[in-house]
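Peer 1: Residue numbers (the numbering used here), protein chains in the order written: chain A, 1 to 481; chain B, 1 to 246.
In case anyone wonders, no lab produced these hints; they're calculated from the structure. Predicted model, so just to flag it, every value in this text is computed and none were measured. It is possible that part of the hints are untrue.
Stated by the list, open to error - Result set (DSSO-like, lysine-lysine): computed pairs, CA atoms no more than 27 Å apart in a straight line: (1) B:LYS165 / A:LYS442; (2) A:LYS442 / B:LYS113; (3) A:LYS425 / B:LYS114; (4) B:LYS108 / A:LYS442; (5) B:LYS165 / A:LYS454.
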Amino acid sequence: MKKTEKQIIKESTEGDYKYGFVSNIESDTIERGLSEKTIRLISSKKNEPDWMLEKRLAAFNLLKTMRQPRWAHIKYPEIDLQNIIYYSAPKAKVLKKSLDEVDPEILKTLNRLGISIEEQKRLTGVAVDVVIDSVSISTSFKEKLSELGIIFCSISEAIKKHPELVKKYIGSVVPAKDNYFAALNTAVFSDGSFCYIPEGVKCPMELSTYFRINEAGTGQFERTLIIAEKNSYVSYLEGCTAPIRDENQLHAAVVELIALDSSEIKYSTVQNWYPGDKNGKGGVYNFVTKRGVAHKKAKISWTQVETGSSITWKYPSCILKGDDSVGEFFSIAVTKNRQQADTGTKMIHMGKRTKSTIISKGISAGESNSSYRGLVNINRGAVNARNFSQCDSLLIGGRCGAHTYPFIKVKNNTSMIEHEATTSKIGEDQMFYCQQRGIGEKEAVGLIVNGYCKDVLQHLPMEFAVEARQLLEITLEDSVG
Amino acid sequence: MLKINNLHCNVNDTKVLKGLSLSVNEGEVHAIMGPNGSGKSTLASVIAGNENYEVTNGSVRFFDKDILDEAAEVRARMGVFMSFQYPVEIPGVTVSNFIKIAVNETRKARDLKKLSSAELLKLMRHNLDLLKMDHHFLSRSMNDGFSGGEKKRNEIFQLSMLEPKLAILDETDSGLDIDALKIVSSGVNSLRSEKRSFIIITHYQRLLDYIKPDHVHILHNGKIIKSGNASLALELEKNGYDGIIK
C-alpha cells in the first residue's frame, strides 16, 4: 500500500528519542526542595568562599519576591521549586587526573553519546569539559591551553582559583534580578564552565562542553562565564543530551559573555534534550538566559540548533555597548509532537555604528508550536546602527503552529533596519518532485529541511555542522518506512 | 515496455481519464497532443505515481510489472522519469547535491555501487557540456530563482544523469523561447537511444519540429481518439483540434 502524505508526515515527525538511556553512576544527591539550607549545603559541598554564598543567598531572597514569567507563547503548569533536587554529583572523591581514573560507567555513557573523549582529543583537537549532573568529570587539554594563558575549567574551580575574575564578571551581564530563572540559577547553580582568554590570544581550538542531565528529577543549573580580553578570539561549543524520564526536568542555565575591545566570541549550541513523548509527557523544561556584552569593535556571535526539550524559553542576546561592535544570532529551532519553543534574541544597540544580524529558522511538525520572539532596540546614541533580521518558519503538516513576534524600537533617525519574514510548508509538490527522482520520503524531508536551514548551518564549526545536520535528520525523519 | 490498458482516473472526484490505452516499445518516441483539459498532464502524473490522482480502473504495466501500487520513488528507480511542466524549487539544496542523492538512491535500488562525489562531479560536468550548460549550475539551489528556460534545462540535465528507460516530458516546451526550445530539443535528441523511450506531452506542434516522434496520439476528453505517425501532428497544426475531434 502506498502511504498518504499524512502518514508520511506522522511517521517522519514522531521519531523516538535516540539518546534515552540512564547511566548507573553512583551519585551524591541531596533531598528535594529549595530553602536557605539547600543553598548553604550546595555552597559548602563545593567549598565555596563566603562571597559566593552571599551572592547565592541574595539571589534567593530576590527570587522569593519574583514570579514565574507568563508572557511567552508556551503552556505548562507552574513549576514547583520544592519538588526539585538541586544538587546531584557522581560520587567521585578526588579530582581525576586522567581518563583512566574516570568511572567506566561514565565513559560508557559518553561513548553511547558518540563523544568519546579520547577520540575527540585525538581526532578533532577539541578540548572537552564534560559535565554530567553538575560536576566536571574531566577537563582535557588544560595544559596546552594554560601555556597560552587560557583558563578553561569548571566554574567551581574558577571560583576557588580565580576569584578576582569571577567576582568581577559574574552577574555583570545577567544579574540575579534580571528574571525569575536567572535569580534561581544564581541561587542554586551547581556547575558550569569558565573560560578566560588573555589579551591578544586567539584560542587555537574550539572549546567544547557537553552537558548531560542524568539523575531523575534533577534540575541542572549551569552557569557559564566567558571572558575574552582585548584582541582575543574564542569559539565555544555547547552540546546537550538527556536520557528519557517521565518527569519534566527543569533546566535553568545562565550564560554570560564578556567581549572586551576588538575581541570575538563565537558561541555555538546544539541542544537535543529529551523532548517528551508523543503525548507531551515528560521532557526537559529549558529556561535559559544567555547574554553577551560587546565592547568597542568586539563581536559576539550566537549560533544555536535547538531540537530537544519539551519547552524552550531562550533568547541569546547581545548588548552592543562599544562603538562599532557587532552582534549575530543564527538559530534553528525544531519542534515536533507537543514540543513548545519560544526563542529568539535581543540586540541592544548602544554604541555608534553597531551592527546586528538575526537569522532565525523555525521548523514545526506534529502538534508543536514554535515562536520567534525578538527585540531590536536601537538607542539614541547608537547613530548609524544597522540591523538585518530574517525570520522564516517552515511547517510540516497541518496541526502545528509558527508565530513571529518581532519588536523593533528605534530612537534615532540615522539607523537602518531591515526585517524579512516568510512562512512556508513542505509541500506535496516538493515531496513528489524528490520522489520522482528516486529520493525516498525520509531522505526528501531531510534534504528539504537541511536546505532550508543552510544559512544557519554554515555558521557552525565544521564538526558541529555535521552533527547538527545528522541531528536534524534523526529528529525529523527517523522511523520512516 | 509500457502498456497502459483502459486507464480511468479521478482528480478531486472529477473523472479525467476515461479508458485510456497506450503501448510504448523500447526506443520509441510517442507524442501525446490534445487541447487544454484533455488529460495530458494527468496521464504523466499517473504514470509517475503522483498520489493526488486516484486510479479507479485499468492498469499500467512497466516491463510486465504492474506499477500502480508502487510508490513514486520506486517507479523512478525502476527507470521512469518525468520532466515537470512546473519544476519545483527546493531552496538551499544545490543541484549537485540533489542529483548526487537521486543518482545514488537509484543506483542502490539497482544494486550498483554508489558513485563517489568526485566520480559524480566528473559525470555531471560531462553532461552539462553535452547540454551546453554552464558548470555554475551545479552550485545553485534547485530551481530557486531559475528562469523558465533554466528550469527546463535543469530537468533535461537530470534526465541525462538518471538515465531512465522511459522519459515523460510534460509540456517541456511551454514557456520556452525559440532559442531555449532548440537547446532543450537538441539535448533530448542526444539522449535518444534504442533502449530509451520517450512520451512527449505537448500542446503545440512546434516541439515536434525538433524532436521527431515515431507515433502521435490525440487525447481528447480522457481518451486517445486518434493515433498516427508524425504527419498527424502536421495535420493537427493545419486543421486544429476542431478539425480532428469534430
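Peer 1: So, for every hint listed, does it hold in this structure?
Peer 2: Going down the list of hints, with the structure as the test:
{"no.": "1", "hint": "B:LYS165 / A:LYS442", "result": "holds (25 Å)"}
{"no.": "2", "hint": "A:LYS442 / B:LYS113", "result": "holds (21 Å)"}
{"no.": "3", "hint": "A:LYS425 / B:LYS114", "result": "violated (31 Å)"}
{"no.": "4", "hint": "B:LYS108 / A:LYS442", "result": "holds (15 Å)"}
{"no.": "5", "hint": "B:LYS165 / A:LYS454", "result": "violated (34 Å)"}
When each numbered hint is compared with the structure, violations occur for hints 3, 5.
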